[in-house]
Every structure is written in structure tokens, then in C-alpha cells.
Amino acid sequence: MDKWPSSNQKWLSAWCIKPVGGALVRQEPEYILLALMGSPLKKIMLCSSEKEIFSVEEQVMVQHSVIINNMIEDGSYNHEESKIPLDCVDSKTLKKVIDYCTHHTHHHNDNQEDLEAWDAQFLNVDSNGLYDLLMAANYLEIRNLLDLIYGTIKNMIKGKKIDEIRRIFNIKDHGFTPEEEEQNRKEYPHFY
Amino acid sequence: MSMESLPDALLQYILSHISNARDVAACNCVSKRWKDATTYVRTLYFPRNSFDNPSSGEIPDNIVQRMVSNVVKLEELVVYSPFSPSGLASWLSLVGQSLTQLELRMDNLADNQASRESPSKLDCIGAAKNLVSLKLWGVLMINSPKWDVFQNLSTLEIIGARLEDPVLTVVLLACPYLKRLLLLGCEGVRSISIELPYLEECKLDFYGLGNCSLSLISPKIESLEVQGCSWIRVPETGHLKKLSISNSSGRVYMIDFGNLNVLEFLSMRGVQWCWDAICKMLKLASEVKHLFMKVEFTGDFEALQPFPEIDFVEFFNSHPKLRKFDIHGAMFAALCQRNSLKHVDPGFVIPCLEEAVITVRSPLNAEQKISTLESLLKYGKNLRTMVIKILQMKSCHTSADDFFDEICRLRYMNHEKVRIE
Numbered sequence: 001m002d003k004w005p006s007s008n009q010k011w012l013s014a015w016c017i018k019p020v021g022g023a024l025v026r027q028e029p030e031y032i033l034l035a036l037m038g039s040p041l042k043k044i045m046l047c048s049s050e051k052e053i054f055s056v057e058e059q060v061m062v063q064h065s066v067i068i069n070n071m072i073e074d075g076s077y078n079h080e081e082s083k084i085p086l087d088c089v090d091s092k093t094l095k096k097v098i099d100y101c102t103h104h105t106h107h108h109n110d111n112q113e114d115l116e117a118w119d120a121q122f123l124n125v126d127s128n129g130l131y132d133l134l135m136a137a138n139y140l141e142i143r144n145l146l147d148l149i150y151g152t153i154k155n156m157i158k159g160k161k162i163d164e165i166r167r168i169f170n171i172k173d174h175g176f177t178p179e180e181e182e183q184n185r186k187e188y189p190h191f192y
Numbered sequence: 001m002s003m004e005s006l007p008d009a010l011l012q013y014i015l016s017h018i019s020n021a022r023d024v025a026a027c028n029c030v031s032k033r034w035k036d037a038t039t040y041v042r043t044l045y046f047p048r049n050s051f052d053n054p055s056s057g058e059i060p061d062n063i064v065q066r067m068v069s070n071v072v073k074l075e076e077l078v079v080y081s082p083f084s085p086s087g088l089a090s091w092l093s094l095v096g097q098s099l100t101q102l103e104l105r106m107d108n109l110a111d112n113q114a115s116r117e118s119p120s121k122l123d124c125i126g127a128a129k130n131l132v133s134l135k136l137w138g139v140l141m142i143n144s145p146k147w148d149v150f151q152n153l154s155t156l157e158i159i160g161a162r163l164e165d166p167v168l169t170v171v172l173l174a175c176p177y178l179k180r181l182l183l184l185g186c187e188g189v190r191s192i193s194i195e196l197p198y199l200e201e202c203k204l205d206f207y208g209l210g211n212c213s214l215s216l217i218s219p220k221i222e223s224l225e226v227q228g229c230s231w232i233r234v235p236e237t238g239h240l241k242k243l244s245i246s247n248s249s250g251r252v253y254m255i256d257f258g259n260l261n262v263l264e265f266l267s268m269r270g271v272q273w274c275w276d277a278i279c280k281m282l283k284l285a286s287e288v289k290h291l292f293m294k295v296e297f298t299g300d301f302e303a304l305q306p307f308p309e310i311d312f313v314e315f316f317n318s319h320p321k322l323r324k325f326d327i328h329g330a331m332f333a334a335l336c337q338r339n340s341l342k343h344v345d346p347g348f349v350i351p352c353l354e355e356a357v358i359t360v361r362s363p364l365n366a367e368q369k370i371s372t373l374e375s376l377l378k379y380g381k382n383l384r385t386m387v388i389k390i391l392q393m394k395s396c397h398t399s400a401d402d403f404f405d406e407i408c409r410l411r412y413m414n415h416e417k418v419r420i421e
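Protein chains in written order, with full-length UniProt numbering: chain A, 1 to 192; chain B, 1 to 421.
Pulled out of the complex, with its shape left as it was, chain A reads as follows:
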């Protein structure tokens, strides 16, 4: 809630949040508030490079993506008619990014272990998929997803032999001259 636009924050501080009847007790306060306000959860439209439209809760994207947060705050996004075009992100990747942001918004109170397990499962993709996620997270400036992916990449490198690293990262041409490659193998024979 700290990352919400300031206009939303003013609403929240003016209202005392109370559960209303048994059915609402289990819901998170944000939803009670907005339900009481009588307006549905605000949604925004994101458009992938394949021109597919994804509808997602505004607060979810605003919490995670600096780019989208800025667009909404400075008013360049019109809720009634606009969609945000994301030409560098394909549908498959965009769906995953939305998945990540939505889960972390709705489950931010979960314990650390559960969140980490979910993250590990989420990043269980091949290196191309990881690359696509990295580029999307970089473009949208989603800090926590970026840090997560950086950590995963580092772990993919740690302790591995060089041939393995080349295979994982799809490096077909290492760019060394034959003499350089031979020199490397001489200096670090147990890394190959």
C-alpha cells in the first residue's frame, strides 16, 4: 500500500477499515474499502507485441512496475480508452510477468519460505524463457523480479564448468582465438 499513488493513500487514511459482516472478514482491507466505495477494482489494459490485450488490476502493476506507475501518475494513461502498448514483450512473457506481480501483491503477507518456493517454481523455465523475462522486467523496471532473475542467473553460473556454462547460456562462439582458448585451458584445466 505504500507504493499506491498518493491519491489512493489519501482515501485510505480517511477511512477506518472495519469488517462488515462475517463474509467480508476474510477479505483483505483494500478490497473491503474499494467494495464499500462502490467502484470495482480499477483495471488497466496491457497490449503485448502480438497485439493481445491483458486486463490487470491497476494497483498490482503500479506496485511493481516503475514505468507503469509513472504513466498512471502523470496522467498519460486514460482508463476509459487507452491500453499500454508493450511492443518488446510477447504474450507468453507478459502473462508470466502479470502472474508474478499479481501473486506478489495478493500474497505479500505470506511467510518468506512460501514466497521463495513460489518464486523458484515461477522461474523454472528454460534459459530463453528466462532471458525474455529478464528483458521484460528490465523494460518495465520491476525491481524485485529483476533482482530475483539476477540471483538465478548467478546461481546458474556458480560452481559450473565452462563447457556447461556455455551450453546453458547458448554460447556457440566464445570469441577467443585458438591460442587464447588453449592458454585458458592450460591455466584452468579443472574448469573445463
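One should not assume that every hint holds.
Which residues of chain B face chain A? A few of them, derived with a C-beta cut under 10 Å, are [what the hints assert, rightly or not]:
#1 Met3
#2 Asp23
#3 Val30
#4 Asn53
#5 Val387
Simulated crosslink set (DSS-like; lysine-lysine; CA at most 30 Å straight-line) [said to hold, decoys possible]:
#6 Lys83/A with Lys160/A
#7 Lys186/A with Lys241/B
#8 Lys154/A with Lys242/B
#9 Lys172/A with Lys35/B
#10 Lys161/A with Lys417/B
#11 Lys161/A with Lys73/B
#12 Lys158/A with Lys32/B
Don't read these hints as lab results, they were simulated from the structure.
Keep in mind that this is a model prediction, so the values were computed, not measured.
All residues carry an ideal CB built from backbone N, CA and C; glycine is no exception.
We have chain A; now place chain B onto it with these hints.
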């Protein structure tokens, strides 16, 4: 699209955060592009076993030098693997200017010969002029290092050292801007005077007979932990919030502190403290919120004496802000005297106490002890938890069983608050 097409900037960012030297070396060989990216590595860490299986025949010092030279602006160097003074000198000649953090396993505690080598490993460190943090393990400091002043050094940690007083003095003179000083597991110190005007945190742990003397003049000091001193003088204590004094081998006999108006945490531990020192400490720490007391005996000389009685009411009245109270064995027994609870002023209250941890060791004076525990519960209006730890009671004595039963009864009567461990 694949990882190969990762933009240079992202590749550099990712690889610059890899610090384990083995992984950096591997990245250097993966591809030309990766080798270019690893020049931006910020930290190089060589674990203890880095060179355990040398297969290339190259000496470790040179391997480290080669890796260090491949980096553009190394900020942190950590070397736990063995090295020589000349190796260290060669590395620091390459990165001495950019290096801000240096951590070395010196491993020359057992060496008496090495101390004659010139320049020594310690001398070589002087080349890293811009260090902000220096951490050394296993150092022999019996010859003063030839250091200029480290203008930026704010943290110095020496763990496991054999020192001599004049050498320590020279070392501290070279670090006048220190904010954090840790000397742990240090042997050989007899008497040390520290005058560091910016020091905020100080942790000293001296091995030996427990009879070191310490004088610390650092007006900004906020946290001080001392183990192994018998004579401690800290006149400027206007900012001191956390203080811990312990002596597991010697006797604490002289405490000379300034006002402890902002002290929040006080820990007094040891085998033997002079009664005068205890009283003085408790009197100065009138504002303390968390108190930990574990001293076995008192006595001004060699002979170990039991504690005189401490008046319960007076004790809590003179520490009105006490929130957490941790007291052990002999000192708790001293608090349980028969008279202080006989005529208690009806207005008496222990206002802030929320948590109490009492460790009992003997069933002697069981009735007084139970009565004191009950008083804590009765007068501690805000007491939420009381933990009673029962340690090493000689259970062959029937009174021990009775005492234990009484404690259980106390627990039963106050089960929300009292817990036994």
C-alpha cells in the same frame, strides 16, 4: 532470443556481482564478451581452499595477481587462502588506490620467524591507502607496522591475534578516524589506552588472565563490549546506549565511568566483581531498560565472597525504567533477602517491567526465593512474561524437590505469564 543477445550493460551488471574467485575465473574463460564484462567485478573472494589442488603449476600469488589485474576498479578483496608478503605487495600495487575493503587471513600466529621478514604482510597493507574497512584474521602483531595514517578507515576488525601493547598503540594511531573497532580473541594485551574521537562501536575481547586495564576516551561511543579487563575507565559516556562488561578469568575491580544517562542496555557478567564496582555500575545505570546480571561472586581480593543482600524495593526504585530483567543464580539469591519484602510501601510498583528471566541454581532459602518471585509478579503490573530457568540443582537434596514443586505451583497459579525452562 537467448542469453547470448543479452545487452552488454545487463551482462556487465550481472557478472559484476559475482565475487567468488573461482566463478570469476570460469567466467573469464567462457567467452571474450564475458571476459570483458568481468573487468567490472567489484569484489574478489578467495576461499581457504582456492588453491588446494594446483594443477597448472602456477603459484597462487601469481594467480591472484592475474585475476586482480583483470579487474578495472576492484573495491573489495577477501583472501582466506595462504599468501606471501611479496604476493600481497604485488596485488596492492595494482589495486591499492581503488580498494576500500580488505579482509585477509594472515595466519601467522604460530610464526616467530615470519616476524623478521621485511617488509611483513602487515607492513604491505599500508599500500591500500584508501581503505574504509580492514579485517584481519590470525595476526601476529609484535612488531609495529610501518603505516601512514589511513585517512578513510572507519572499521578495523582484528580476530585472533597475539599483540603487544606498544604495537596496538601504533596501529590505533594510524587509524584516527575509526568509527568501529573490534579486537576479538586477542592475547597479550596488558594495558591499553584508546583515544579515538569518532569511535561509536567498540568490542574488545582479551584472552589471558583477565587483568587487562582499559582506558577509552571516545566521546561519541554508543556501544561498548569488554571482556577480560579488570580496570576500566571510560570518562565520556554521554552517548553510551549499550554496555556489556564481562570477565570470565579475572576479577573486575575498578570501574570508572561518566554519567550513563542514555544507557539502555547493561550487561554485567563474570566470575568475580568487587562489590564497589557492582554498586557503582548499578547506580550510574539508573535509566537502563534492559539489565542482564550474571556474576558469580564478589570480594575485593583473591577470596571469592558471596554477595551481600540487595534490597528488592530499593533496587527497583532506583531503576524505574527497567523493562527487561535477566538475573542469574548468586545475584538473584542476593535479591531475595527476608527484610526488604516485610514492610513494603503500598504505593510501591515496578512500573515498566515486561519481561523477567530468572535463573536459579540452588534450593537454599527457597522460601525467600519464591517470595521474591511472587513479589515480581505482584508489583510488576506490566509483567507479561517470566521465565524461570532451573540449572544444575543438586537433586539429591530433598529440599531441591520441594523447591521445584513450589516453582511449579507458582507457574500453575500464573500460567499466562510464567514459563519454566
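Right, here's what the structure says about each hint:
At its closest, the beta carbon of Met3/B sits 4 Å from a beta carbon of chain A; the interface hint therefore holds under the 10 Å criterion. Contact between Asp23/B and chain A, as hinted, is supported at the beta carbon level, the nearest pair being about 5 Å apart and thus within 10 Å. Because the beta carbon of Val30/B sits about 5 Å from the nearest beta carbon in chain A, less than 10 Å, this interface hint is met. Contact between Asn53/B and chain A, as hinted, is supported at the beta carbon level, the nearest pair being about 7 Å apart and thus within 10 Å.
Taking 10 Å as the C-beta cut-off, the interface hint given for Val387/B is violated, the closest approach to chain A being about 26 Å. Restraint check for Lys83/A and Lys160/A: the C-alpha separation of about 44 Å exceeds 30 Å, so the hint is violated. The straight-line distance between the Cα atoms of Lys186/A and Lys241/B is roughly 57 Å, outside the 30 Å bound, and the hint therefore fails. Of the supplied pair hints, the one linking Lys154/A and Lys242/B is violated, its CA atoms being roughly 39 Å apart against a limit of 30 Å.
Note on Lys172/A and Lys35/B: the hinted pairing holds, with a Cα-Cα distance of about 15 Å set against a maximum of 30 Å. For the suggested pair Lys161/A and Lys417/B, the alpha carbons sit about 57 Å apart, so the restraint of at most 30 Å is broken. Between the alpha carbons of Lys161/A and Lys73/B the distance comes to roughly 26 Å, so the proposed pair stays at or under 30 Å and holds. Only pairs whose Cα atoms come within 30 Å are accepted, and Lys158/A paired with Lys32/B is accepted, the gap being roughly 19 Å.
Checked against the numbered hints given earlier, the structure breaks hints 5, 6, 7, 8, 10 and satisfies all the rest.
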